[in-house]
Structures are given as C-alpha cells and as structure tokens.
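Colleague: Protein chains in written order, with numbering that gives the first Met the number 0: chain A, 0 to 58; chain B, 0 to 374.
Hints are not guaranteed to be accurate.
Each pair of labels, with its calculated beta carbon distance range [stated by the list, open to error]: (1) 46(B) <-> 0(A): 17 to 27 Å; (2) 347(B) <-> 0(A): 48 to 58 Å; (3) 1(A) <-> 46(B): 18 to 28 Å; (4) 15(A) <-> 308(B): 46 to 56 Å; (5) 305(B) <-> 1(A): 39 to 49 Å; (6) 169(B) <-> 0(A): 43 to 53 Å.
In silico negatives: residues of chain B with every beta carbon more than 10 Å from chain A [claimed, not checked]: (7) 13; (8) 17; (9) 24; (10) 45; (11) 58; (12) 60; (13) 92; (14) 94; (15) 121; (16) 172; (17) 198; (18) 217; (19) 261; (20) 284; (21) 340; (22) 356.
Taking lysine-lysine pairs in the DSSO-like style, the calculated list, with each CA pair at most 27 Å apart, reads [what the hints assert, rightly or not]: (23) 368(B) <-> 13(B); (24) 91(B) <-> 1(A); (25) 1(A) <-> 280(B); (26) 1(A) <-> 27(B); (27) 1(A) <-> 292(B).
Bear in mind the hints are in silico, worked out from the structure with no lab data behind them.
Small disclaimer: the values here were computed from a predicted structure and weren't measured.
Each residue gets a CB set at the ideal place from its N, CA and C atoms; glycine is no exception.
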Amino acid sequence: MKISKNLLAAIALTLGTSVALTSCVKDEVITVTTDEKGNETVIEGEQNPTDNCPACGMG
Amino acid sequence: MAAIYSGIGCNLDKNLLQSIFPLLQNEKIEAIEWSFDTLYKQKNIPDWFIELLRIFGNAGRLVGHGVYGSLFAGVWSPAQADWLQHLSKMVKNFQFDHISEHFGFMTGEDFHKGAPLNLPMNKTVLNLGIDRLKRVQNIANCPVGIENLAVAYHWDSVRRQGEFLGELVAAVDGFIILDLHNLYCQLHNFELDFEQVINAYPLERVREIHISGGSWEQSQVEKDKIIRRDTHDAGAPESVFELLQKAIKLCPNLKFVMFEQLGVGLQTAAAQQIFQSDFTKMQQIVSQQQNGKDIISFLPNLPHLVDNQVLESKELAQQQQVLSSILEQSTDYEQVVGALHNSELQHSDWQIEQWQPAMIATAWAIAQKWKNGFN
Numbered sequence: 000m001k002i003s004k005n006l007l008a009a010i011a012l013t014l015g016t017s018v019a020l021t022s023c024v025k026d027e028v029i030t031v032t033t034d035e036k037g038n039e040t041v042i043e044g045e046q047n048p049t050d051n052c053p054a055c056g057m058g
Numbered sequence: 000m001a002a003i004y005s006g007i008g009c010n011l012d013k014n015l016l017q018s019i020f021p022l023l024q025n026e027k028i029e030a031i032e033w034s035f036d037t038l039y040k041q042k043n044i045p046d047w048f049i050e051l052l053r054i055f056g057n058a059g060r061l062v063g064h065g066v067y068g069s070l071f072a073g074v075w076s077p078a079q080a081d082w083l084q085h086l087s088k089m090v091k092n093f094q095f096d097h098i099s100e101h102f103g104f105m106t107g108e109d110f111h112k113g114a115p116l117n118l119p120m121n122k123t124v125l126n127l128g129i130d131r132l133k134r135v136q137n138i139a140n141c142p143v144g145i146e147n148l149a150v151a152y153h154w155d156s157v158r159r160q161g162e163f164l165g166e167l168v169a170a171v172d173g174f175i176i177l178d179l180h181n182l183y184c185q186l187h188n189f190e191l192d193f194e195q196v197i198n199a200y201p202l203e204r205v206r207e208i209h210i211s212g213g214s215w216e217q218s219q220v221e222k223d224k225i226i227r228r229d230t231h232d233a234g235a236p237e238s239v240f241e242l243l244q245k246a247i248k249l250c251p252n253l254k255f256v257m258f259e260q261l262g263v264g265l266q267t268a269a270a271q272q273i274f275q276s277d278f279t280k281m282q283q284i285v286s287q288q289q290n291g292k293d294i295i296s297f298l299p300n301l302p303h304l305v306d307n308q309v310l311e312s313k314e315l316a317q318q319q320q321v322l323s324s325i326l327e328q329s330t331d332y333e334q335v336v337g338a339l340h341n342s343e344l345q346h347s348d349w350q351i352e353q354w355q356p357a358m359i360a361t362a363w364a365i366a367q368k369w370k371n372g373f374n
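Pulled out of the complex, with its shape left as it was, chain A reads as follows (with noise of 0.2 Å):
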C-alpha cells in the first residue's frame, strides 16, 4: 500500500534514520519530542508543499 511521504519521514525520524524528501516538499518542519519521562514520542510536522505532485500524492 502507499504511505505518503510525510508517514514515512515522521517514522524515519522516530527511528533515527534519514528519507529523502522528494522535491515536491519545502520548508518541512518535523520535530520529535518526548516527555519528561522519555517514554511518549510525539510528532509536530508542517508540510509547504510547492506543487500538487502525482508522484507522492502530497500537496
């Protein structure tokens, strides 16, 4: 099935390594944070896609 772009980089994130951004995506914020007892993982992300893109369904 297809996972858009932005799942994948939130849980490439999580998991510490990297995923190429298809050039379609700008200015991506996504932030990891946990909370104090380092257990919880919580993803704050903004997309500004440029374009609608059919290749990654994003925009």
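Keeping the supplied structure of chain A fixed, place chain B upon it in accordance with the hints.
Modeller: This is chain B only, laid out in the frame that chain A set:
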C-alpha cells in the same frame, strides 16, 4: 474478486520498524496485523503509528491480534475484563477487518507475566471458549478467530487441535488463523506428516495464515531429540515456505498471510535484510496463488446472546493454577514430573500420563522463560 493480502505483524518496536521501513517505502506491505494489547506500558501511541494504522484500517487491511486475552482461563479475572474494555476502545478508534486471539491459557499470576500453554480439549473448555468469543465479537463487531498453538504435550493433542478449533469458532461463525510455523513445530516434534495434521483442520475456516521463525533446542531429557520452538526470533525456515505453498491452495477463504518476527531477533542489519527477503519470498508465493473467488464474511448476526456472568469453571481454573505453579516453581525436570504425578491432573482430561518427556521439559522451559514477563 477477493485478493489475498501479504502483511506484517507490526508493533511499536524499533528493530521491527527498522526492518519494515524499506518495505513500507516500496509499497510492498499490503496489510498490517497489530497486537493491540501490547502497549500496556505506554501511555500514548505516537501520532505517526496511529496514522499508519488508520491508513491500513480504512482500506480494510488492518487486523487486530490479541496476545494477553487468555480467553481460555478457567476464571474471568478483572484484568481480562480490562482487556475487553481496552478492545472496545480500540475498535472505536481503529477499523479492524477482524480480531483474533490464541488458543491456550497464560500461566502466571500477573496478567502480563506468563506463557501460553495447551489445554484439554473437552466440553468445559469448548463452552468456555465459545462464551468468551461471543463477548469479544459483541464488542469488536467484526469477524473473530483463534490461532492454533504450537505447544502440545502429546500426539493426540496435535491431532485433536484442528477439529477442536473448528468446533470452537463455528459457534460464532468465526475463523482460524493457521500459523504454519506452529504447525511446523508440531510436525517436527511429533514426527508427523503435513497431510496427517492439516486434514484435521476445517480449512474452509482459515482466513489468515502466519509465517514466522523459531529456534532449535537440544532436549535435555531425550538426548536424541531436538525440539523446535516457536520463539519468533529468527527468519522463517525454507520448510515453512514449502508448507505455505501447500496450505494456501487448501484454504478457499484465505484473506491475509502475515509475516511475524519479534524485534529481539532483528538487531543487526543482516537480520533485518533476512526479514525483508523472507517477506518478499512469502509475498511471491502468495501473489502466485491468488484464489480469485469471493470469500465468506465470517460475520454472523450480532449481538450474540450471553449471560450477564462470564462463563467460568472453578475446576479448570484450579487445574490451570496447579500446572502453572508446577512449571514455574520446579527447579528441574524431575521435580516437574514428580509434582505432576502427585497432582490432581493425574487421570484427568489433561492426560498427563501421555505427555512426552521432551515436551514436558519444553513446557517447563517456556514457563520459566516468561514468568518474569518481558523484563
């Protein structure tokens, strides 16, 4: 036309998710099986995991697989009532195509510290299982099923399991998960042929197949015997893929084939590559054998009528407690055997007189392994 989806047992485990990630990137994963009751230590699920589950759920490609329900425990504990309550929350948040649990009961006092063990296949266990499955289905409002268990104490319990699971799920028009590695363990440990065992299963009720790996263990009590255990910590052996090729043709209502492995066996890049290659091999077999026919829904008219009180058996509960206690507290095999033959399990439906020495030792090893939970 119904498709058979190749999926992954996907849980919040870093090693497992690292192994799965390239497959997700390449759009290879067609379905996800999530053990919805394994996050008891975590307060919140990460947003991206929720989104992943919802994407697959909304496409009808998410199935829920319980681990800790212990549906065949003689008594219905508050922890099990909580488990059902948790399930009701999960089904409100996620769209499951079906919900399943395992045959057997969990040893141990603590709900999350125990091992799955086999049961006598008698009327008491049958009625109790049917009652609990009805309650699960009333909450889940989707097809429900039970997975075959690897652990068996003697040949007759292997022979009987398929038929018994059939009787059990028929009462809720439910399905069977046929775990082929579990079957592989039984074929090896009891020196049986695939056809001898598979023909005892009502194969029209198989909606999901599991593929996984395990480990070999030299028996300490039967020196010429090597035991196959369903430890889920290694790649799937070639024989299990061969079983898949045979089994898939025999299951006309098959919808999902899931690859399962625990993160503990996926700590190296090499192990993660084997995982990906095993999944690809499984997917190739599945794609070559799509049945192309409509499949049955496994969804009866709901709700089921059930009593206010969950069906219990004090006698079964007592026997389960005795067995758990013997397996968890004995310090060696001889002590296990001595205690069993001086217990109320003697000359009962548990048929301990027929239990094979190597399998008693295996049950003891499993109980010892899990009595402290995952810590």
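Colleague: All the hints need checking, so say for each whether the structure fits it.
Modeller: Now the hints, each set against the structure:
no., hint, verdict
1, 46(B) <-> 0(A): 17 to 27 Å, "19 Å, holds"
2, 347(B) <-> 0(A): 48 to 58 Å, "49 Å, holds"
3, 1(A) <-> 46(B): 18 to 28 Å, "19 Å, holds"
4, 15(A) <-> 308(B): 46 to 56 Å, "50 Å, holds"
5, 305(B) <-> 1(A): 39 to 49 Å, "41 Å, holds"
6, 169(B) <-> 0(A): 43 to 53 Å, "32 Å, violated"
7, 13, "6 Å, violated"
8, 17, "5 Å, violated"
9, 24, "6 Å, violated"
10, 45, "4 Å, violated"
11, 58, "6 Å, violated"
12, 60, "7 Å, violated"
13, 92, "17 Å, holds"
14, 94, "14 Å, holds"
15, 121, "43 Å, holds"
16, 172, "28 Å, holds"
17, 198, "35 Å, holds"
18, 217, "37 Å, holds"
19, 261, "17 Å, holds"
20, 284, "19 Å, holds"
21, 340, "46 Å, holds"
22, 356, "44 Å, holds"
23, 368(B) <-> 13(B), "22 Å, holds"
24, 91(B) <-> 1(A), "24 Å, holds"
25, 1(A) <-> 280(B), "20 Å, holds"
26, 1(A) <-> 27(B), "8 Å, holds"
27, 1(A) <-> 292(B), "25 Å, holds"
Hints 6, 7, 8, 9, 10, 11, 12, counting from the list given before, are not met by this structure.
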